[in-house]
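Visitor: Listed below, chain by chain, are the residues.
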Amino acid sequence: MSEIRETTAKVSNNKITIDANEAAASVAFRVSEVIAIFPITPSSPMAELCEEWANRGKTNLWGVIPEVAAMQSEGGAAGALHGALQAGALSTTFTASQGLLLMIPNMYKIAGELSPFVMHVTARTLATHALSIFGDHSDVMACRQTGFVLLCSNSVQEAHDFAAIAHAASLESRIPFLHFFDGFRTSHEVAKIDQLSDDDLRSLISESAIDAHRQRALTPDKPVIRGTAQNPDVFFQAREAANLFYDACAGIVVRLMRTFAERTGRQYGLFDYEGDPEAERVIVIMGSGAETVHETVDELVGRGEKVGVLKVRLYRPFSQSAFVAMLPQSTRSIAVLDRTKEPGAPGDPLYLDVMTALGETRGGTGRHFNVEPQVIAGRYGLSSKEFTPAMVKSVFDELNKENPRRHFTVGIIDDVTHLSLAWDPSFRTKADDVSTSLFYGLGADGTVGANKNSIKIIGQETEQFVQGYFVYDSKKSGAITVSHLRSSPRPIRSAYLIDRAGFVACHQFDFIDKIDVLEYAAKGAVFLLNAPGDSGLVWDRLPQEMQQQIIDKEIRFFAIDAYALAKQVGMGGRINTIMQTCFFGISGILPRDEAISHIKKSIEKTYGKRGPEVVRRNCEVVDLALAQLHEIKVPAAVSATRMRPPIVSALAPDFVQKVTAVMLAGKGDLLPVSAFTVDGTWPVGTAKWEKRNLALEIPVWDPKICIQCNQCALVCPHSAIRAKVYDEPSLASSPSTFKSTAYRAPEYKGKLFTIQVAPEDCTGCNLCVNVCPAKDRTNPKHKAINMEPQAPLRDNERANYDFFLNLPELDRAEVVRLDHKGSQFLEPLFEYSGACAGCGETPYLKLLTQLFGDRLLIANATGCSSIYGGNLPTTPYTTNREGRGPAWSNSLFEDNAEFGFGFRLALDAHQNAVRTLVLHLASDIGDDLVTDLLNANQDNEAGIFAQRERVRALREKLTALNSAEARKLDQLADYLVKKSVWLVGGDGWAYDIGYGGLDHVLANRRNVNILVLDTEVYSNTGGQQSKATPLGASAKFAAGGKSVGKKDLGLLASMYGHVYVARVAFGAKMVQTAQAFQEAESYDGPSLIIAYSHCIAHGYDMAQGAAQQKLAVESGVWPLYRFDPRRLVKGEAPLNLDYGPPKPKVAEYMRNESRFRVIERADPARFKHFLDEAQAAAERRYSGYQQLATIKLPSREPGEEEPASSNGDGLETK
Amino acid sequence: MNLNTKYLGIPLPHPLVVGSSSLTNDLDTVRQLEDEGAAALVLRSLHEEEVTGEQMDGFFNSENSGESSAEAASYFPEPELALGPDEYLEHLRRVKQAVAVPVIASLCGRSTCGWISYARLLEQAGADAVELDLYHSASDALTSAAEVEAQMIEVVREVKQGINIPVSAKLSPLFTAFANFAHQLDAVGVDGLVLFTRFHKLDIDVVELEVLRSLQLSDSSELQLRLRAAAVLSGRVSASIAIAGGVHTALDVIKATMAGANVTQLISAILKNGPRYLRTLHNELREWMAAYEWSSLEEMRGNMSFQRIPNPSAYERATYRMFH
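Which chain is which? The protein sequence lines are A and B, in order.
Under the working numbering, the first residue of the first sequence is numbered 82, with each subsequent residue one higher.
Under the working numbering, the first residue of the second sequence is numbered 377, with each subsequent residue one higher.
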């Protein structure tokens, strides 16, 4: 049997514990021949699993490995699928959100051509005022018109079952199916389900329908033509010709649901009703929320209320008769709940459908209802907003009112339009037999992974039903994760977070000062804390609030020093198996010995492929854990005097106190509508208020050793180590431990110099220490910066850092040199982002803001840089003392080049307008100022400064004028100062999904600068290959190593002739990086910088990132060059190589990184082939570039007559 | 003319063996070495510390970044093969398939259980013998020479008991009582002694203040240390003797044999001159023996050992006598 992932253990009764993504993909894979994919959260795991299975040779029902093709975009995937369907293949794909929208054009075609096809969609919020990766139905609802069937699963089991029904029904009905379930809430929920066997699938899938599909395939052996263009005479009739198929569809689904039930015992209907058969109040809903309503209905019916829920499964085609038939005759009022928002509509979509169904069936044969039910409409759960039984209860309560609100929202506090229902949070469904456990962990400590294992162990080894759901914060470094685990003797319908836990574990001691980890602990709960040091001292180290909670809630309290144990066994910071063992040891869910044996088995399964030593050490900590676990005796009274520290400093601005801090505390759900701007605008510079204290060790500067090169500051991904030069008097009130030394180089002779660390913002990545070239000659292991434990330094360094920040900034107009060193004296306007520790992208962005930050506009493609750049609660882009700073926005993944191009068009328009106004008002302004304003040289900081002064002078003059034109000029005057437009994104954007737009922008001559942060994979979605992925690298969607080389985007761009192009790698040649940024900015036309960005997806210690960049360049893997069209004018070759002939170091480079090394492990011959090819390619590339760097082209000065023999504008310059 | 010899109980047509090095990393080169007449091949060492270190690095690098972001539970495809000694074992299997000459695996363990378990895996993968690379950095001030030696003896004893193929021990020249140690190894049943490990070239960059490590090829001058050690042991231990390091010419092979070596392990000579050089050496060896009318190597083996020469002290303190 082509079964699902081997790591998934099964029990004899065919129960498996998996998430809905795997549940759906396991069916889709088995019934497909062609699978075209593109990653998008939260659907990516389905695509990844299919690619992985195909790569391992798993087969579909017919013994064939499906063709899995990773495409450049969802639009590309849809196109490929459309083609595959036309050519007669059984096909599938997986997507969500904006990715689904990109498929819509082809969806119309696929449906219009009646092609059987199923796409599995993790329903996700569409980006509107903000992006959200979480779940609601806005994407699916945007597809209602396409002609696709919309079939909704509410749970993991249903995602598995409906995947099968969808594929079968599509084949029989010829109508394509969009099978969807809620993103994250269902797609990422782990639950125990019954697995469908291959035979189950065979029993559903009609071979004759497959034959018929094949018969319709386009083939030259029996040609027909499709995709014609039709005119007014026939299009309409032809469009109506498919009606009968839609009429038949619901019947086919019903029949297959019956067949399915006969085989599996699980009966589904187009609509399913649950509740009192005599219910008077009914909620109509689809998706995971339906399960929560079901659970609440059970509770309320038990309390004697006449309520029910109607679950919508087949949403399109909407069978009105089936819908009405399922409602109890006794129904008096109905609340229709939509998980989407259609602004301006008479109601959200499901509500309108229900109204229509009720209206259209009202006059039918026989009266269905005793009284015509009253219908109200509610909106809930946008972006996975919590939807709890208490909220359901409030909806039923509303239905009970004499005059219920016709339109409402539930789950938020709307104090603006007052649409929201209030709910009583104390309302809960009875769940005495449900075990609930909450685990607070850190991303890097493996808590989530271990909990996934735990829930699988419980699911497999007990009769219990289980549910695991995992919540992450929005940071990539130091993310707090919360695992919600339920187990119960009854099916679990609770599609909401645990708010009353019988077991709470806190895997990181520092969290007790950051979040209220016992907030959801039930009375009598068990609390497990990973606490460093002597367990006898743990109690005294707790803050007062926590001690009080433990006493009040009569909590049993256990502690273990898991880090000490992990260190003892050589497990680094991996404490997850230790904590997992303690969980089983205390919770008693399984007998201890049994639990330990299962944990070890699961370690073997999970880590077996990482090597026996990994398994051995993990098992060793399991053996040692329980002996080091201590129950802490809880005193009768609180003894602590300290309280939990405030979330943000009292100095933070009002908005940060009132909004950001609430979100940081994990209480964003409580913020009312009025707390927010109406258009998604958000203040900048808020990251500085979130002191994350992630680093166990931070760099400490030794001024005696320092050679003042500023490299540490340049490479810091979090702007947490900074350099400043300043005059001695500024030092007057410095803290006693503040360090300072004389600046050595001549440009700022007489000034003082300081390297200062932001102790609470540093992530401890070590990049700075590794690049520091200055060693103590008598003791070379001591450098000019050295890592030392943070805790003892924290208070002093915090004061030092505050003092440092308040030292005067270097006057930009007086900046002597803007190279890699000089730039570091400029204030970074991008700081403390949530990027990964050691990130290879952010140093470029920081440099960008140092160089041009006060006049910078950034259009940012979706991806890592948009997440750490703009994912709330905090914002890393900030302002200088004048209040200027980068203006940043994110549009989409695919259109960022065009988006930024739009910035440029607007700026050019504003500049034209302002220049025109200046000329109009010249007589009032004065000729000299007009001339200066319009002809200002703004090529350097001094020029920019002078222009700002002129604008100031202009404004002063305008105050005396009282005309509309003067007011308009005043409004636009700042556009007289040069702005710098940067289009920023990753390789997924630039090489793949956004390439068409990028190419078009390059083909224009507008002055935009494009920065490609090239990590060579889709980093944000988990390391899928892009066209930037190099030859031989293993990535998701290219598990066996990419078999073609990296696309040479730079070379392609340079062929336009008018595009400035540079390839840079800050770790290899900082001076070239800084130079390229300035040349790009100064070039009056499109510029493209492709920046080598080391990434965790490369698989090595990021502290070595800069060294690896150097190796990339030395080996010729990553060329450094600058192609400057301005050189053509001077008769020079435009290409300037900034690297030397490749050294034979490709092998060393590749072996350093897991992404290459895994191939060597798996297939040494293939690796050797890749290695030889990569080495040869490096040499060929160098040779090719070298020749380009010496070419001679005819030059002509700007303004010269075009030579008669010119071959167009290919290589001319402005 | 008879060049036959026996090493680790394995009969070989002549004593020219390819020593443990990167030479045998590539299958094409392996085949070439056999074609050019290598009597046996010793593979590069399987380093326990490297294997476990890489496993743990891989584990930390992949796991630490996983499960920390809602968008990505991981950043790598599921690995297809366990990171373990498998890569080495697979290579060993392939070399065994590729050639008919005996293939000796080399092992550098760290933990006692590592030595034994890896040696078993090497045996299972088809090695004809295992060469234990007994190296100790001697930088721990708290561990005595006696303790280090006792551990090494224990490792050899346990490996010998744990596997059925012959076991040799490759030694460094840095033993205070070398002969005694060799005898202790002999007593626990070691089948061969390989004299000696060569060290990487170390240097100090006096400007950058860094230690530089590089591989420097040997030359014949390194032979003398090994000749003396072989001469000391020849006839006194039942283990066979291999000389590794400094064997570059046919005369070097003759000298090694006369000192008592059963085989000579060649690395630098082949790295310098290519696999074809094996054939050259073989020819020169025969030519020299013909010229001096030796009919077999066995006749001369050990004729210059301590046991058989009239004045063993000629090997002793040679420099003192000459220059003082």
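Keep in mind that the hints were calculated from the coordinates and are not lab data.
Treat the hints with care, since some could be wrong.
[As the list claims (entries may be wrong)] List time: in silico DSS-like cross-link candidates among lysine-lysine, alpha-carbon distance up to 25 Å: (1) Lys382/B x Lys1249/A; (2) Lys1108/A x Lys1049/A; (3) Lys536/B x Lys1224/A; (4) Lys577/B x Lys862/A; (5) Lys577/B x Lys1226/A; (6) Lys536/B x Lys856/A; (7) Lys648/B x Lys1249/A; (8) Lys1249/A x Lys1224/A; (9) Lys139/A x Lys690/A; (10) Lys682/A x Lys648/A; (11) Lys1224/A x Lys472/B; (12) Lys536/B x Lys382/B; (13) Lys1226/A x Lys472/B.
[Unchecked claim] Rough simulated footprint, nothing fancy, chain B against chain A, three-plus residues with beta-carbon under 8 Å: (14) 363 to 375; (15) 517 to 530.
[Claimed, not checked] Which stretches of chain A does chain B cover? Using the computed rule of at least three CB atoms under 8 Å from a CB of chain B, they are: (16) 557 to 564; (17) 683 to 697.
If you're wondering where the values come from, they're calculated on a predicted model, not measured in any experiment.
All C-beta atoms, glycine included, are put in the ideal place defined by N, C-alpha and C.
Visitor: Kindly indicate which numbered hints from before are broken by the structure, ordering the numbers from low to high.
Guide: 1, 2, 3, 6, 11, 13, 14
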